[in-house]
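Each residue of the sequence shown is one higher than the one before, counting from 1 in UniProt numbering.
By construction, these hints were calculated from the structure, which means they are not laboratory data. C-beta: ideal position from N, C-alpha, C; glycine also. Certain hints may be false.
[Said to hold, decoys possible] Result set (BS3-like, lysine-lysine): computed pairs, CA atoms no more than 30 angstroms apart in a straight line:
1) 116 with 193
2) 116 with 66
3) 66 with 36
4) 83 with 194
5) 126 with 116
6) 93 with 182
7) 36 with 189
8) 182 with 194
9) 66 with 93
10) 55 with 126
11) 116 with 13
12) 182 with 164
13) 55 with 116
14) 36 with 182
15) 56 with 66
16) 189 with 164
[Stated by the list, open to error] Label-pair ranges, simulated between beta-carbon atoms:
17) 73 with 144: 33 to 43 angstroms
18) 194 with 66: 45 to 55 angstroms
19) 69 with 165: 21 to 31 angstroms
20) 131 with 93: 39 to 49 angstroms
21) 73 with 134: 25 to 35 angstroms
22) 70 with 32: 36 to 46 angstroms
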Amino acid sequence: MNNSRPDINHQQKMADTEHFLWCALIALHLSRIDGKTPSPLMEHIFLQNWLVTAKKQRRFPQTVAKDIDYLIQLSRDLGPSAKLGQRLDTLWKTSIIRPQEDSPLSRLTRVIRILKCQGWSDITLKQRSWTAVKHVDINTEAPAIFILGIDLVECFSDAGDLTKSMDILSTGDADILFNAFKTEGLTIKMHPKKQSYFTIEN
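Model the full structure from these sequences, guided by the hints.
Given below as C-alpha cells:
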C-alpha cells in the first residue's frame, strides 16, 4: 500500500497555510506603512475585513477555509481582544516550512509573492517581447510586474546573489512596488524619464 499520499496532502496543507499567513501579515504590514491601522481597533477592523473579503472572493485554497472561518468567528466573538495580528504572527513564526533562505533571489521571489497577495500579476518575458514593451507605455489598468526571463540567470549567481543591476517594468502603483521591495531589503530606483521602468540595484 502506498502511504505517500497523506504526507503529500499534509505538505500541501502546510504550504497553503503558510501562504495564507504570509499574505495576511503582508497586508497588515502594508496597511501600517500606509497609516491605515494606527490603533489596535483599526488593526482589528482591517484584519477582520481582510479575512471576510478573502473568504468571499475565495482567494485561498479550500484547505485553509476552516482556518479563515475560525479567525473570522474569533474576531467577532472577542473583538480586538482576539489580537488577530499577534495570533497570525505567532502562527507564521512557528511554521515549520517558513523559508530560511535570504539571498537576493529568494527575496525577489518573496517580493513577487507580496505583490501577488495585493492582486498583482508577475509576467516573465522573452527578449523580443521585453524589447517591444520597454520602449512603449504599457496601457493596462491591471497591476503587474514584468521581468526579462534571461535576467533571472544572468543577473544572479548560482547561490542567488545579485551580480549586476536588474531592470523590471511595472504597471502598478509605484508606492506599493517600493514598499514591497523595501520590506524584503531590496533597493529599486525609478527611471527618471519613464515611471514604469525600474532598476533593482546591486
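How the hints compare with the structure:
no. : hint                            : result
1   : 116 with 193                    : holds (27 angstroms)
2   : 116 with 66                     : holds (22 angstroms)
3   : 66 with 36                      : holds (27 angstroms)
4   : 83 with 194                     : violated (43 angstroms)
5   : 126 with 116                    : holds (21 angstroms)
6   : 93 with 182                     : holds (20 angstroms)
7   : 36 with 189                     : holds (25 angstroms)
8   : 182 with 194                    : holds (21 angstroms)
9   : 66 with 93                      : holds (20 angstroms)
10  : 55 with 126                     : violated (36 angstroms)
11  : 116 with 13                     : holds (20 angstroms)
12  : 182 with 164                    : holds (18 angstroms)
13  : 55 with 116                     : holds (17 angstroms)
14  : 36 with 182                     : holds (18 angstroms)
15  : 56 with 66                      : holds (13 angstroms)
16  : 189 with 164                    : holds (14 angstroms)
17  : 73 with 144: 33 to 43 angstroms : holds (35 angstroms)
18  : 194 with 66: 45 to 55 angstroms : holds (46 angstroms)
19  : 69 with 165: 21 to 31 angstroms : violated (45 angstroms)
20  : 131 with 93: 39 to 49 angstroms : holds (44 angstroms)
21  : 73 with 134: 25 to 35 angstroms : violated (49 angstroms)
22  : 70 with 32: 36 to 46 angstroms  : violated (24 angstroms)
The structure is inconsistent with the numbered hints 4, 10, 19, 21, 22, although it conforms to all the rest.
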